[in-house]
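Chains F and P supply the protein sequences, listed in that same order. In this text, residue positions in the first sequence follow my numbering: the first is 76, and each later residue adds one. In this text, residue positions in the second sequence follow my numbering: the first is 627, and each later residue adds one.
Be a bit skeptical, because a hint or two may be false.
[What the hints assert, rightly or not] Which chain P residues face chain F? A few, computed with CB under 10 Å, are given here:
#	residue
1	HIS697
2	ILE700
3	ASP707
4	GLY711
5	VAL776
6	PHE778
7	GLU786
8	GLU820
9	SER970
10	ARG971
11	MET977
[Stated by the list, open to error] Using C-beta positions, here's what the derived DEER-type ranges look like:
#	chain 1	residue 1	chain 2	residue 2	range
12	P	GLN758	F	ASP223	51 to 57 Å
13	F	ASP132	P	ALA685	38 to 44 Å
14	P	THR853	F	ASP175	42 to 48 Å
15	F	GLU202	P	GLU825	49 to 55 Å
16	P	ASP822	F	LYS236	33 to 39 Å
17	F	PRO245	P	ASP806	36 to 42 Å
18	F	PRO245	P	CYS674	37 to 43 Å
19	F	ASP223	P	ASP822	24 to 30 Å
20	F	SER224	P	GLU975	19 to 25 Å
21	F	GLY242	P	ASP806	44 to 50 Å
22	F	PRO209	P	ARG771	50 to 56 Å
It is worth saying that the hints were derived from the structure and are not from the lab. Ideal Cβ placement from N, Cα and C applies to all residues, glycine included.
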Amino acid sequence: MKKQVPPILIVGQSHTEAIISAQRHLESPIAEIANLNARHRELKVAEKIKMNGYLPDREGRTLVASMIGGNFHNTFGLIENVIKFDFPVPGEDDFVLANDRHLITFELMKHYFADVMNRGFLRSIKEVRDHYAPVRFVHVCSPPPISDSEHIASHPGGVFKDKVRLGVAPSRLRLKFYDLHTSVIADFCENEGIEFLLPPSEAVTDDGFLVKAYWMEDPTHANEAYGLLVLDQLQRIAKS
Amino acid sequence: MTNPYIGKPDYQFWRRGGGHNNPEAFDPVTHASFTVQQSAPVVTAGSCFAQHLARHLTANGFNVLVTEKAHPVIPDKYAADFHYGMFAARYGNIYTARQLRQLLERSYGLFEPRQRAWKLGADRWVDPFRPQIQPGGYISLRELRLDQEVHFEAVRAAIEQMEVFVFTLGLTEAWVDRMDGAVYPLAPGVAGGEYDPSEVMFVNFSARKTMEDLEWSLNFIRRQNPTVRCILTVSPVPLNATAVDRHVWVSTTYSKAALRVAAEDIANSFRNVDYFPSYEIIMSPHAGGAYFEADRRSINEAGVEHVMRTFFRHYGGLEYAKSAPPEVARSAALQSSNEAREASRRETEDMGRIVQVLCDEEAIDNVE
Numbered sequence: 076m077k078k079q080v081p082p083i084l085i086v087g088q089s090h091t092e093a094i095i096s097a098q099r100h101l102e103s104p105i106a107e108i109a110n111l112n113a114r115h116r117e118l119k120v121a122e123k124i125k126m127n128g129y130l131p132d133r134e135g136r137t138l139v140a141s142m143i144g145g146n147f148h149n150t151f152g153l154i155e156n157v158i159k160f161d162f163p164v165p166g167e168d169d170f171v172l173a174n175d176r177h178l179i180t181f182e183l184m185k186h187y188f189a190d191v192m193n194r195g196f197l198r199s200i201k202e203v204r205d206h207y208a209p210v211r212f213v214h215v216c217s218p219p220p221i222s223d224s225e226h227i228a229s230h231p232g233g234v235f236k237d238k239v240r241l242g243v244a245p246s247r248l249r250l251k252f253y254d255l256h257t258s259v260i261a262d263f264c265e266n267e268g269i270e271f272l273l274p275p276s277e278a279v280t281d282d283g284f285l286v287k288a289y290w291m292e293d294p295t296h297a298n299e300a301y302g303l304l305v306l307d308q309l310q311r312i313a314k315s
Numbered sequence: 627m628t629n630p631y632i633g634k635p636d637y638q639f640w641r642r643g644g645g646h647n648n649p650e651a652f653d654p655v656t657h658a659s660f661t662v663q664q665s666a667p668v669v670t671a672g673s674c675f676a677q678h679l680a681r682h683l684t685a686n687g688f689n690v691l692v693t694e695k696a697h698p699v700i701p702d703k704y705a706a707d708f709h710y711g712m713f714a715a716r717y718g719n720i721y722t723a724r725q726l727r728q729l730l731e732r733s734y735g736l737f738e739p740r741q742r743a744w745k746l747g748a749d750r751w752v753d754p755f756r757p758q759i760q761p762g763g764y765i766s767l768r769e770l771r772l773d774q775e776v777h778f779e780a781v782r783a784a785i786e787q788m789e790v791f792v793f794t795l796g797l798t799e800a801w802v803d804r805m806d807g808a809v810y811p812l813a814p815g816v817a818g819g820e821y822d823p824s825e826v827m828f829v830n831f832s833a834r835k836t837m838e839d840l841e842w843s844l845n846f847i848r849r850q851n852p853t854v855r856c857i858l859t860v861s862p863v864p865l866n867a868t869a870v871d872r873h874v875w876v877s878t879t880y881s882k883a884a885l886r887v888a889a890e891d892i893a894n895s896f897r898n899v900d901y902f903p904s905y906e907i908i909m910s911p912h913a914g915g916a917y918f919e920a921d922r923r924s925i926n927e928a929g930v931e932h933v934m935r936t937f938f939r940h941y942g943g944l945e946y947a948k949s950a951p952p953e954v955a956r957s958a959a960l961q962s963s964n965e966a967r968e969a970s971r972r973e974t975e976d977m978g979r980i981v982q983v984l985c986d987e988e989a990i991d992n993v994e
């Protein structure tokens, strides 16, 4: 007899941990979760996607959700650069360039972000979509940034602790990077005909940050309560 | 019998001027009045041919000054798409002597054109005075203005730090604002803005006007930087189009002749200003048109190399080499600025690695 597999499959990286934690509170798992970072970190995700043994079977799935590549924006947006910078975004009519910051124009920043993302992890998302075709496929947006710079400074996580000396980037700048990252993914999804799942509205503040109840003691990830909200979103999509 | 030609050097005689049987050896430079040390900060500006000069100077280890740099978080290849590093500052091609004068006037607050921005599509703006510098345009007038301020500061730094200024004259034809005389590098409507004959008019600068603008510019530069030495050249690239109702080649010959006359007059009347005959090298009967691409307009690499090896022979004190550039001494200010940029790049790469450890994001990795 063939083993019954959950109809929802989530393929991703570190942001899947919120879902994995959330499922521990459920009687039976709603989704199967493949965190491609969980083993063989010496291999790149793009390589694992092409190899046997990392992507679970297609059979029995009704929905595949990607949570690949959610932290690219934090490479630039989390910690201050040695040479501080800022960039305006469309609609930011009150943009003021501080005296100690270098201007990067929006189109230049977008040009760089879009090209790097399109040549990087967005290709992996497409390959996962193609691997599971014709199963319905959605890409899950990363959680919004945490507004409180103090929280980030005091919970830098092992990997960021050596960088906190440079200072946490202003929340406004972190949000702009997140929004830019999200808009590039949204454009990619639209071009590829991929459904794009925005963060649950109850988890987002009016000004676009992650609601405090969903913060983790970590600078970039959301907690299991957030994971539950995303699971709920995916269940509703699977039933629709 | 004697005559005034007796005893004159071979280069004054067509038959003995060289290059007849070996066009690549043709060398019309006779009196370089100074040499350019590799450590001397050089600024290049001018028409599109000036881009070749900057590229070859850099490749041969000369200290080509760049004062307007993208933030180091942006890798060079993306910055280059936005014209960083093409010239000292992001002024783009400067086709006419009037444009050079206007850039100086604007950078030092002597002239504020009434047209500050042109509309590009529904929600973007372009800088009318460098309309192709920013692919996609600016998202707001405020962003454009801020970027202009950065640009003007970089122009001033270039003018004040350079030891050698190489300016390539390209055109006499231009479009100017009827009200304040502001000159545009491209006609409105070509890369932003709208062509309105009641607001802009065509001008074809004479040799005299070109000379006056060059004279003003060099005098102004010398006031900021008294010891700067200048090399003037004329671009051999023919006009792409003429606004005069005649054949484009006839307009080209007028334009190049006027520029050549102006360059000659200025070189003769200014100390430490030389005319370098890149135009003559490319256009000479010795080359027989071999230095043009199939479009009969673009200069091929062999032509550019001929110009540059002649330049290096007379001004660089070295034979032309396409090898890796030697290390050149940099000023303390430049070194410190470069150190900060290196530190910034290192931190960004570190953050990329950290995010990769945390999340296995591969984007940074995939850039290279």
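Status of the hints after comparison with the structure:
no.	hint	verdict
1	HIS697	5 Å, holds
2	ILE700	5 Å, holds
3	ASP707	6 Å, holds
4	GLY711	13 Å, violated
5	VAL776	6 Å, holds
6	PHE778	13 Å, violated
7	GLU786	20 Å, violated
8	GLU820	21 Å, violated
9	SER970	4 Å, holds
10	ARG971	9 Å, holds
11	MET977	5 Å, holds
12	P:GLN758 / F:ASP223: 51 to 57 Å	43 Å, violated
13	F:ASP132 / P:ALA685: 38 to 44 Å	55 Å, violated
14	P:THR853 / F:ASP175: 42 to 48 Å	33 Å, violated
15	F:GLU202 / P:GLU825: 49 to 55 Å	53 Å, holds
16	P:ASP822 / F:LYS236: 33 to 39 Å	60 Å, violated
17	F:PRO245 / P:ASP806: 36 to 42 Å	40 Å, holds
18	F:PRO245 / P:CYS674: 37 to 43 Å	41 Å, holds
19	F:ASP223 / P:ASP822: 24 to 30 Å	52 Å, violated
20	F:SER224 / P:GLU975: 19 to 25 Å	23 Å, holds
21	F:GLY242 / P:ASP806: 44 to 50 Å	45 Å, holds
22	F:PRO209 / P:ARG771: 50 to 56 Å	51 Å, holds
Consistency note: the structure conflicts with the earlier hints numbered 4, 6, 7, 8, 12, 13, 14, 16, 19.
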